[in-house]
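Sequence lines, in order, name chains R and C. Its first residue numbered 1, the first sequence is counted upward by one per residue in the numbering used here. Its first residue numbered 1, the second sequence is counted upward by one per residue in the numbering used here.
Hint data in this document are derived by calculation from the structure and do not stem from the laboratory. Wrong hints could be hidden among the right ones.
Any copy will do: because identical chains look the same in the list, a pair fits if it lies in one copy or spans two.
[Claimed, not checked] Under the rule of at most 35 Å between Cα atoms (straight-line distance), these lysine-lysine pairs were calculated in the DSBU-like manner:
#1 K364 with K269
#2 K271 with K329
#3 K201 with K271
#4 K269 with K201
#5 K170 with K28
#6 K170 with K201
#7 K201 with K329
#8 K201 with K364
#9 K28 with K201
#10 K329 with K364
#11 K170 with K271
Protein chains: 2
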Amino acid sequence: MDAEIIAVGAELLTPYRQDTNSLYLTDKLNELGIEVRFKTIVGDDRGRLVAVLRSALSRSPLVIVTGGLGPTEDDVNRAAIAEALGRQLTEAPEIMDRIRHRFARLERPMPENNARQAFVPEGGEWLENQNGTAPGIWLEHDHVIFILLPGPPREMIPMFESQCIPRLAKLSSGERIRTRVLKIAGLPESEVDQRLAPLYKRYQNPATTILATAAGIEVHFRARGRNAEEAEALASDLADQAETALGEHVYSSRGESLEEVVGMYLVMKQKTLATAESCTGGMLGERLTRVPGSSSFYLGGVVCYNNELKTRLAGVSPATLEANGAVSKPVAQALAEGIRRRAGASVGVGITGIAGPSSGTEQKPVGLVFIALADERGTEIREFHFPGDRQRIRWLAAHSALEMLRRRLRGGPKI
Amino acid sequence: MDAEIIAVGAELLTPYRQDTNSLYLTDKLNELGIEVRFKTIVGDDRGRLVAVLRSALSRSPLVIVTGGLGPTEDDVNRAAIAEALGRQLTEAPEIMDRIRHRFARLERPMPENNARQAFVPEGGEWLENQNGTAPGIWLEHDHVIFILLPGPPREMIPMFESQCIPRLAKLSSGERIRTRVLKIAGLPESEVDQRLAPLYKRYQNPATTILATAAGIEVHFRARGRNAEEAEALASDLADQAETALGEHVYSSRGESLEEVVGMYLVMKQKTLATAESCTGGMLGERLTRVPGSSSFYLGGVVCYNNELKTRLAGVSPATLEANGAVSKPVAQALAEGIRRRAGASVGVGITGIAGPSSGTEQKPVGLVFIALADERGTEIREFHFPGDRQRIRWLAAHSALEMLRRRLRGGPKI
Chain R
1 MDAEIIAVGA ELLTPYRQDT NSLYLTDKLN ELGIEVRFKT IVGDDRGRLV AVLRSALSRS
61 PLVIVTGGLG PTEDDVNRAA IAEALGRQLT EAPEIMDRIR HRFARLERPM PENNARQAFV
121 PEGGEWLENQ NGTAPGIWLE HDHVIFILLP GPPREMIPMF ESQCIPRLAK LSSGERIRTR
181 VLKIAGLPES EVDQRLAPLY KRYQNPATTI LATAAGIEVH FRARGRNAEE AEALASDLAD
241 QAETALGEHV YSSRGESLEE VVGMYLVMKQ KTLATAESCT GGMLGERLTR VPGSSSFYLG
301 GVVCYNNELK TRLAGVSPAT LEANGAVSKP VAQALAEGIR RRAGASVGVG ITGIAGPSSG
361 TEQKPVGLVF IALADERGTE IREFHFPGDR QRIRWLAAHS ALEMLRRRLR GGPKI
Chain C
1 MDAEIIAVGA ELLTPYRQDT NSLYLTDKLN ELGIEVRFKT IVGDDRGRLV AVLRSALSRS
61 PLVIVTGGLG PTEDDVNRAA IAEALGRQLT EAPEIMDRIR HRFARLERPM PENNARQAFV
121 PEGGEWLENQ NGTAPGIWLE HDHVIFILLP GPPREMIPMF ESQCIPRLAK LSSGERIRTR
181 VLKIAGLPES EVDQRLAPLY KRYQNPATTI LATAAGIEVH FRARGRNAEE AEALASDLAD
241 QAETALGEHV YSSRGESLEE VVGMYLVMKQ KTLATAESCT GGMLGERLTR VPGSSSFYLG
301 GVVCYNNELK TRLAGVSPAT LEANGAVSKP VAQALAEGIR RRAGASVGVG ITGIAGPSSG
361 TEQKPVGLVF IALADERGTE IREFHFPGDR QRIRWLAAHS ALEMLRRRLR GGPKI
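Based on the provided sequences and hints, a complete structural model is requested.
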């Protein structure tokens, strides 16, 4: 079964807002073996919406419409679907009762507009909304299923989960799609492709996609099976082969973030971590503390943006700063060793660099970053030249520090 | 003139990728007075794309298609547009020469597939691509303009800016759209609406939209004028009235971020800032150091996730921690005052709280955050109860600290 998604809302046609509901819906539909073939975004204009619904009716067996059900939205969806399918809108007294009750419970008068929400196209069933007033609608017409859902995710998601997925699961053929994702560090996209092509070219199913995301390279293995178990097994089989081919470049095979993997290793090895950040300004600490329970492995650290604070807070000697400049290998080393000692941590990380946009020089250009990692075995220092703008350079610096940590903690050969 | 945008690409129909080109295009089209009425996303399937192009031909005077021009994408766009409009594809020798030159310059052989990129539907003009091999296409058919652009933003944007905007500007009526944005802190959406409704209800043009974004409330005033100056004047006139009505709740009227505004005040008043963060883990420092030149007002600080570090790095006395617990007013105060003193800064900020998901108690539930701000006039401490998940609570804490700083630095009455 193929599906199409229609998102309704004037704000979705501005430069400021995007339809994100369709990402959630696509994920859930894919799990049921249903592919999304078209997505359309249209304003809350009845004529235009009727035209879009008629196109959908002619080409898709499952049409999901989000948005346009709110009381201030002139009820455009309900009226448009009735018009597109040539059906009357009729009042559902049960919905009206519920809406009245809701307002009574909130001790507020019911605005006139909300009464429109009780109208459903003839032959349609309404779907209960546990987090708002606008009910959804399920309607079958000429072997096409139309599902109308409210726009706000906190209303749409629970309605779809509880009232649509079970019905769609029964209707769909039993085929299911499952996706496994590998996250890769330290290899460019072309190299990942070269290593994996001999493997994935042998399969039509799973389909393999290599994606360059802001967070690095991801490889997606998307398998279709006669049931969930078969799809899962097909995806896992190829993902496991790929993981072997990519070796330690794979940092995540179950959706974990890089900071979660680092945290896991630290906990496993009963080690603690402290950070001294200059150009990243706290970004590394922020990423580490995204992990729930990070207090068990991350002690904290210093943001020593200013040279004097490098000395006062992390114990970098003024002579080292004077002789080498703040952005240098010796200062990165002193930051890592200093914060490790001051915080009493097993591992210390120091980052210093030039994020730009100005203040780069010929010897020390924008993008130059030194990262040091100190533990009981000594201190490792690496020099990086990152591309991109200020925020990109900072992000790459924090990410590379995490990747250095992962490799150090993991052990095994250096690459 | 109305426009519609079609984005082509199988990956845009997965849960992992979104079409973001259309946000850029919408912004530029709006500036030219052109409204976007439909957006469609379709995979690189020729039959489906032909159907979508035919719908567009029937309803929109300007159709912009992005993606599907790459050499590995089976040339679907070029062939589909030729089919939809009933035109032949003919080779443009000039494009072929350019592609050959490009590969010669890179000293690589030209893959067979790239030869397809030299084909253009009869009557179409090609648009030069300065950052890739796929040329764009400009084609007029039955009073409809079709513009085909490559998918990668770094190819699409320069092509559109240099070769499409000037032509569209000449074709469009001279009408222009301009938008002014106010960013608001410390007022809920309903209150903003209540204060502004008497103003904006007097105008059809500009159109006013109140948006609740992750970063707080924004109000957009979107004006259409007979030329850019008129549109700008209309938008500014209403934005200025609204700014007066909202008073000091408006922190930005020219697109500045909250951290930029804080930085501006610090520089203006020749003050410096230091931070001591617990639950935010470095997020406040990270936001401050996003601002280029932040070293002129931000000295740095400590991330004292662990209690011992609160003492060692920020000078919080063990007795204060013992008596009140880490998440308490006295500890927030000691953090702000301690880091101010240790860093030698004019202003110190301390943040301590419970971001969850676990470790909340009845007395100190998840979402409880204390923020203190110490300067030469004394220390202000506020207690917050933030909703949402771990990352949302942390974000709200960092944002509220910035907002407290803005108000303190701005002076004037407290609200």
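Status of each hint after checking the structure:
1. Taking identical chains as interchangeable, the C-alpha atoms of K364 and K269 lie at most 35 Å apart only when they sit on different chains, with a minimum of 31 Å there against 37 Å within one chain.
2. Taking the shortest alpha-carbon separations for K271 and K329, both the intra-copy value of 25 Å and the inter-copy value of 31 Å come in at or below 35 Å.
3. Taking the shortest alpha-carbon separations for K201 and K271, neither the intra-copy value of 42 Å nor the inter-copy value of 61 Å comes in at or below 35 Å.
4. When the C-alpha separation of K269 and K201 is checked against a cutoff of 35 Å, the pair qualifies neither within a copy, at 39 Å, nor between copies, at 63 Å.
5. In this assembly of identical chains, K170 and K28 lie within 35 Å of each other by CA distance solely inside one copy; the values are 14 Å within and 46 Å between copies.
6. For the homomeric pair K170 and K201, the shortest alpha-carbon distance inside one copy (33 Å) is at most 35 Å, but the shortest distance between copies (49 Å) is not.
7. Taking identical chains as interchangeable, the C-alpha atoms of K201 and K329 are never at most 35 Å apart, the minima being 44 Å within one chain and 61 Å between chains.
8. In this homomeric assembly, K201 and K364 never come within 35 Å of each other (Cα to Cα): the closest approach is 44 Å inside a single copy and 56 Å across copies.
9. For the homomeric pair K28 and K201, the shortest alpha-carbon distance inside one copy (27 Å) is at most 35 Å, but the shortest distance between copies (41 Å) is not.
10. Only within a single protomer do K329 and K364 lie at most 35 Å apart by alpha-carbon distance; the minimum there is 12 Å, versus 44 Å between protomers.
11. Taking the closest pair of Cα atoms, K170 and K271 never come within 35 Å of each other, the shortest separation being 50 Å inside a single copy and 65 Å across copies.
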